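Undergrad: Below are the chains, spelled out letter by letter.
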Amino acid sequence: MNEKITRLIAFEVRPRRVAYAAFETPARLLDWGTRSVGPNPTADGRITGILRAYRPSVLVLRGIRPGGRRDNPRTKKILSAIEAEAKRLTVTVAFLTERQLEVFFRQHGRATKHQIAQSLGEWFPELSTLVPPPRKPWQPEHWRTVIFDAVATAVAYVAAAD
Amino acid sequence: MSDRLTNYLRTHRKKTGLSQRDLGRILGYQDEVPVSRHERLHRLPSLRTALGYEIVFQVPISEIFAGLRDAIEQDIEERLSELERGLQERSGRGRHAAATARKLEWISERRTSGTLENSSA
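Protein chains in written order, with this note's numbering: chain L, 591 to 752; chain D, 8 to 128.
One or more hints might be untrue.
Across the chosen pairs, the derived CB separations fall in these ranges [stated by the list, open to error]:
{"hint": "1", "chain 1": "D", "residue 1": "Gln37", "chain 2": "L", "residue 2": "Pro663", "range": "44 to 50 angstroms"}
{"hint": "2", "chain 1": "D", "residue 1": "Leu58", "chain 2": "L", "residue 2": "Thr596", "range": "28 to 34 angstroms"}
{"hint": "3", "chain 1": "L", "residue 1": "Pro656", "chain 2": "D", "residue 2": "Ile83", "range": "53 to 59 angstroms"}
{"hint": "4", "chain 1": "D", "residue 1": "Lys110", "chain 2": "L", "residue 2": "Ile595", "range": "48 to 54 angstroms"}
{"hint": "5", "chain 1": "D", "residue 1": "Arg47", "chain 2": "L", "residue 2": "Ala751", "range": "26 to 32 angstroms"}
{"hint": "6", "chain 1": "D", "residue 1": "Glu80", "chain 2": "L", "residue 2": "Ala751", "range": "47 to 53 angstroms"}
{"hint": "7", "chain 1": "D", "residue 1": "Arg47", "chain 2": "L", "residue 2": "Ile595", "range": "41 to 47 angstroms"}
{"hint": "8", "chain 1": "D", "residue 1": "Leu58", "chain 2": "L", "residue 2": "Pro663", "range": "50 to 56 angstroms"}
{"hint": "9", "chain 1": "L", "residue 1": "Lys677", "chain 2": "D", "residue 2": "Ser88", "range": "35 to 41 angstroms"}
{"hint": "10", "chain 1": "L", "residue 1": "Trp733", "chain 2": "D", "residue 2": "Leu54", "range": "35 to 41 angstroms"}
{"hint": "11", "chain 1": "D", "residue 1": "Ile83", "chain 2": "L", "residue 2": "Ile595", "range": "36 to 42 angstroms"}
Derived from the structure by calculation, the hints contain no laboratory data. Since we're looking at a predicted model, the values are computed, not measured. Ideal Cβ positions, reconstructed from N, Cα and C, are used throughout, including at glycine.
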């Protein structure tokens, strides 16, 4: 009776926070948000809770480019803990490279994080009020940017898979 | 097991931009606790609240609680098949033969109309 439904979750990892975006095929945004993470990211059940709630068939993570800005021990530790937890829950883990992400959004004429967030706000109107303001060079990253990074990872993964 | 989530309350609520507290108040609760429990499947809403969700989101209950509906449907179909088998075993016999025949006819009609509905959907 029902079409086969596939769900995917993308996580975006920062040293102290993880953002997630859950999608259902073909392009239904189910949920998004952030969770703070401690030294042992999967110990408090926050990450596991998201995976259990959405029972995704695929978990998408953005790989770390060696020597890149995200190449630090804490981010790596969180990524591997999430990967291990997903495998424990028999969820397939897929990695998207930063290059793939960049290529996808450049095809749509979007190069900066702000431009990408604006596009995502247009494609998913429920996110339009969350688009962070453009970042000034002296400002830290807006806390909502990480959510758009997670959504961008999911969108680019789906596009690459198609 | 259904592919669909048990409920899509959180998806519909976040689409509207409402907080759990806003939604709780709209539904007549004091705070966000019941909405949070419904979203996290810690508790099933009452029929009154479920209809409230339908009215707020303007989406049928069966779509909001899609996975739950699928699970109930599966249970019902299994029990109907059991009933049908029981009726077939005693059809054409006894004082209730006409009533049994009518029930079997209804089950058959129901299945046909269900198939038609599904194929047209």
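Undergrad: Could you check the hint for me, namely that D/Arg47 and L/Ala751 are 26 to 32 angstroms apart, CB to CB?
TA: The hint (26 to 32 angstroms, Cβ to Cβ) holds, given that D/Arg47 and L/Ala751 are roughly 30 angstroms apart.
Undergrad: Do L/Pro656 and D/Ile83 keep their Cβ atoms within the hinted range of 53 to 59 angstroms?
TA: Taking Cβ atoms as reference, L/Pro656 and D/Ile83 lie about 56 angstroms apart, which means the hint holds.
Undergrad: Lying within 47 to 53 angstroms: is that true of the beta-carbon distance D/Glu80 to L/Ala751?
TA: violated, 31 angstroms
Undergrad: Between D/Gln37 and L/Pro663, does the C-beta distance stay in 44 to 50 angstroms?
TA: About 46 angstroms separates the Cβ atoms of D/Gln37 and L/Pro663, which means 44 to 50 angstroms holds.
Undergrad: Is 28 to 34 angstroms respected by the C-beta to C-beta distance linking D/Leu58 and L/Thr596?
TA: holds, 31 angstroms
Undergrad: Given the range 48 to 54 angstroms, decide if the beta-carbon distance of D/Lys110 to L/Ile595 lies inside it.
TA: Violated, at about 35 angstroms.
Undergrad: Is it true that the C-beta distance of D/Leu58 to L/Pro663 lies inside 50 to 56 angstroms, as the hint says?
TA: Once the Cβ atoms are compared, 52 angstroms apart, the range 50 to 56 angstroms for L/Pro663 and D/Leu58 holds.
Undergrad: Please test the hint of 35 to 41 angstroms on the beta carbon pair from L/Lys677 and D/Ser88.
TA: holds, 38 angstroms
Undergrad: Can you let me know if the beta-carbon spacing of L/Trp733 and D/Leu54 is within 35 to 41 angstroms?
TA: holds, 39 angstroms
Undergrad: Is the gap between the beta carbons of D/Arg47 and L/Ile595 within 41 to 47 angstroms?
TA: Roughly 20 angstroms apart at Cβ, these two residues miss the hinted range, so it is violated.
Undergrad: At the C-beta level, are D/Ile83 and L/Ile595 separated by a distance inside 36 to 42 angstroms?
TA: violated, 21 angstroms
Checked against the numbered hints given earlier, the structure breaks hints 4, 6, 7 and 11 and satisfies all the rest.
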